[in-house]
Amino acid sequence: MRTVSNEIESIKDPGPAPHVLRAADVNPRSEKRAEQQVAILFALSGVGSLLLIYSYVFIANDVFIFIPVMGNQHAQQLGLGIGMAMSLFFLGMAAIHWAKTLMSETEVVNHRHEFRSSDEDREDFIKTVKEGVAGVQLGRRKLIKRSMAASIGLFALPPVLLLRDLGPLPKKQLETTNWKSGTRLVTDPGDRPILASDLEVGSVVQVLPAIAESGEKGEHPERLLSDIAKDPVLLIRLRPEDFNLTPEKLAMTHEGIIAFSKICSHMGCAVALYEQTTKHLLCPCHQSTFDVTRGAKVIFGPAARPLPQLDITIDAEGYLIARAPFSESVGPSYWERNSQ
Amino acid sequence: MTTAEKRVGAIANFVDERTGAAGWVKKSLNKVFPDHWSFMLGEVCMYSFIILLLSGTFLTLWFDPSQREVIYDGVYEPLQGLKMSAAYASTLDISFEIRGGLLMRQIHHWSANIFMAAIVAHLLRVFFTGAFRKPREFNWILGIILVTLGLVEGLFGYSLPDDLLSGTGLRITSAIIQAIPLVGTYITFFLFGGAFPGVGFIPRIFTLHVLLIPGIFLAVITIHVMLVWYQKHTQFAGPGKTEKNVVGHPILPVYMAKAGGFFFIVFGVTAFLSAVASINPIWLYGPYTPGQISAGSQPDWYMGWLDGLVRMAPPWETHAFGHTVSWNILIPALIVPGILFTGMALYPFIESWITGDKREHHLLDRPRNVPNRTALGVMSITFVMISLINGGNDILATAFDLSINQIMWFSRISIFVLPPLAFVITKRLCLSLQRADRELVLHGKETGRLVRMPSGEFVEVHEPISEQKRFILTSHEQPTPLVLEDIDSRGVRRAGTLKNKLRVRLSKAHAVAIPKVTAQELKEIEHH
Amino acid sequence: MKRLSRYRRHKGAAPLLLIIALLGIGTTFNIASATIKLAPNTFARSAAIEEGKQIFLKGCSSCHGLNAEGSAIAPSLIGVGAASVDFQVGTGRMPMADMSTQAVRKAPVYTPEQTAALAAYVESLAPGPMIPTEGQLNYERDGSTAEGGELFRNNCAMCHNFAGQGGALTQGKYAPTLMGVEPKYIYEALITGPQAMPVFSDKTITPAEKLSLIKWIKAAEAEPNLGGATMGRIGPVTEGLLAWILGMGLLIAVAVWLTTKAR
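Residue numbers (our numbering), protein chains in the order written: chain A, 1 to 340; chain B, 341 to 868; chain C, 869 to 1131.
In case anyone wonders, no lab produced these hints; they're calculated from the structure. Remember, predicted model here, so these are calculated numbers, not experimental data. Heads up, the beta-carbon is just placed ideally off N, CA and C, and yes, glycines get one too. You may find that some hints are simply not true.
[Claimed, not checked] Simulated pairs of lysine-lysine, BS3-like, Cα-Cα distance not exceeding 27 Å: (1) C/1129 with A/12; (2) A/180 with A/297; (3) A/12 with B/584; (4) A/172 with A/249; (5) A/127 with B/698; (6) A/12 with B/698; (7) B/474 with B/785; (8) C/1129 with A/32; (9) C/1071 with B/423; (10) C/1041 with A/297; (11) A/172 with A/297; (12) C/921 with B/809; (13) B/572 with A/12; (14) B/809 with A/12; (15) A/12 with B/474; (16) B/367 with B/584; (17) B/785 with C/1129.
[To be verified] Just a few of them, taken from the derived set where beta-carbon distance is under 8 Å, the chain C residues facing chain A: (18) 925; (19) 944; (20) 1006; (21) 1019; (22) 1022; (23) 1064; (24) 1071; (25) 1093; (26) 1095; (27) 1126; (28) 1130; (29) 1131.
[What the hints assert, rightly or not] Computed, partial: chain A to chain C, Cβ under 10 Å: (30) 23; (31) 59; (32) 60; (33) 74; (34) 81; (35) 104; (36) 235; (37) 283.
Chain A with its partners taken away, still in its complex shape (with noise of 0.2 Å):
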């Protein structure tokens, strides 16, 4: 390898090579062939219209036909797309081969000029834009500089603060959740509550929290989707000896019940994938491992945080209930979270 200079003779240039007429241009019979070639694609062209029209007209909405390595196919969605893709793709291969068989294609040669203007264009714009500047006297009227420069400023926060109303403040929603001391945990869907006994050994449930009866949310105790983004819960039923936690976390857990927020303290996605014999969990959406036994630690993945977990107990009936709020956010991180 070494680095080579371009003074040298290169080899010339011989010209194009000469022109070579198509059989087309000379046979009386390829041109006839090709003409014909062409007719037939454009008819192949129509068949794919008319196949179209007869599929939108004739074939009804529940008729399927079996294809071979398609399967069970909806006739009408089939014809219909066969029928709009030959008549496109035949116009198109009639126009081209049109083109390339019987059209003069002989080839032209243009030649290229600088794009850079000649220099008394340039001189000109020079002097035209120096003349122009002059004559605004930005230079020696130095209050209306400074002035322009405020009222620029201040011009260019209305269009951003007409923007404010796009949607409400953060305030305190992305630390809470619906879950309050005393609030049942209810099942996802059915919403009912859970007794102890409901979940054996290896068992999860997604659980949501109860809805107040009397219609904490107005006249109709619905929830929103906002909700359901922070609020499952999965319930977990390990033997208690399997438990590796702090003496904190452990009494949160309740006779080997153990509650994590579903919402991926990464990109909060539902985290779901609950592996019995591992009691690890995983996020389907980018692989981060949670072992349930040491409190949902990251054991693998993007997940920064273990998911939150919730202080259970039980009520006076013996069903389950949050004894306190999260402690912490759900969810993924956010510049205002405190996570110490």
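With chain A held as given, fit chains B and C onto it using these hints.
Same frame as chain A, but now just chains B and C:
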């Protein structure tokens, strides 16, 4: 004159008397376009864009961009009676109750996938052949703007139906925005109209998806194509082709017929795919609710590499002074892509800074003749491919009996190891190809015919290559390394010597080449 | 049996056949009915338990221990119930051919009668989930597809994919496809939680809800391909591949044809 000719003449006269168009239209019709299959990739992009406009308009006739909750009562039984957004319900109606609706949805989605694929292919063609060099840097930057817009437009598009998969994508999008320090939380609340998933996101991205972004697209594409028109297309080197000319077919009739026909081909191929292959079967995904998720949740392919980067990110977060910075989101989702796209946009200027070449270029490079650039391109492709593979690691794991943990570790290591390796290998390969070219010009091509010499030795007969071919293989310019004097012409020591040292080193690396055959050498060999 | 017959060329088939043959020599009892649980008299029942114990000692005890108490390599079977045995043995997952990976579905080693005997034996050790009867499995009558879909997306889709095609778990484990799985086995898997799968208790997902789930899975299985070939129903990965290979492939082929000179 026939009647038809008279009529055309009359219309032309009418228009010209009012606009004086004949002059520049004549000039435009004389423009010449060179033939090469790779020059059609840009047309695939433009035609796909037109197909997207047509099929998209069809869909808006029925689509209801609203997050209002409705109870589905349409014909698709497995979802009857479920609560869902009006957006999702109307997408189901388009799919099942409008004849040809599903076909149009699939055309729209396949077309988007092909649009992005063609943009990437076109971008790679322009990069590897050096078509971005002066005077085409503007168009290169416009192209980068288009590919970036395409990513956003695609994301918005597949998010509109509000199904479980796209909702998961939006959840991740919101988490990325939320991770931006200082303003992230506020931006998410404003964009979504409240806490995720909010009430306003679907109607808002609908407006952006069907009005604002296509409008910008249309404007940028127009400038992009007009610049190609004005600057005339580049061409590959060959006999009779120079930096000062362009050889090809004029607009009328051949190019017009071919390009027009090709539009129908692109549309036809898209329709064919949409007829035989299902895409985004939203009725199987179900309506979006944040508590649900499916295994193997992937974005469309052009976002897949970003998802793959996020998956392989290390679990880093900084907690300090009551604030949190999520490096595990910021680095893979914003910082790395930001650097990549900025670097891509600036590349024409970086290369010309390294080579010191400020001239216009209209003849394209063969990738092997610019080993450094080609190697850099392959290195970038390798980077994106590893990310893309990791973005589908769960699918790969089930398809090939692998473990997602293995694939993740493979990606985490190889994202650092393989791209530089790809660079070195590609550069070597380019030089080997240059050497092969040199052999070919000097000794001709191997014929496979063995001849026994009187001395008893066997030799293979080599056939000289044609004059034209010989010229094609030797007409390229070979780069020379930049020489920078420490003292400039005025006798002043140059500032920023370190920068200059770097520049000289880069330029030297860029100029590595196998010397091409000279006329002198050829003459010598012919005399033997 | 037809469904099982497609496993006959499986690489594990030959060793399994050998095991079956050996067991056939050793087995002297024959149980007439697979639905032993329905109305067995005490005598038939204890005979079945005794036969099950013999099969267990020959085929299972080397891993699960002589009294099914479990060992370092296999769990205890005391209290896992008849449903668990029926699922594991009936789907061929047990006995395991290869201990290094998770148990895979294959042609069952034991006949339905032998499986029933094994189930009876394990059930006799300690009570556990029972095998559902035909009457309990009338999902067509007792299930609701839409509710099943909702339950599926809440509880199953995260591992088994949105259309029940299966998906990846950690360290090479995976959730198998649900296509072609008999309703009985789906039900048993739900109540027993085989391998990595958690248990879905009857109190948290009621028997009626389980039937809805099965009904939805069966509907997904039978659903025609509404928009064309499905490419595995696994989402955008295969779609992207097809867009590049078939879409771009065809278009580039046409572009090459378009730009070559006609002869």
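Sort out which numbered hints this structure fails and list those numbers smallest first. 7, 12, 18, 19, 20, 31, 32 and 35
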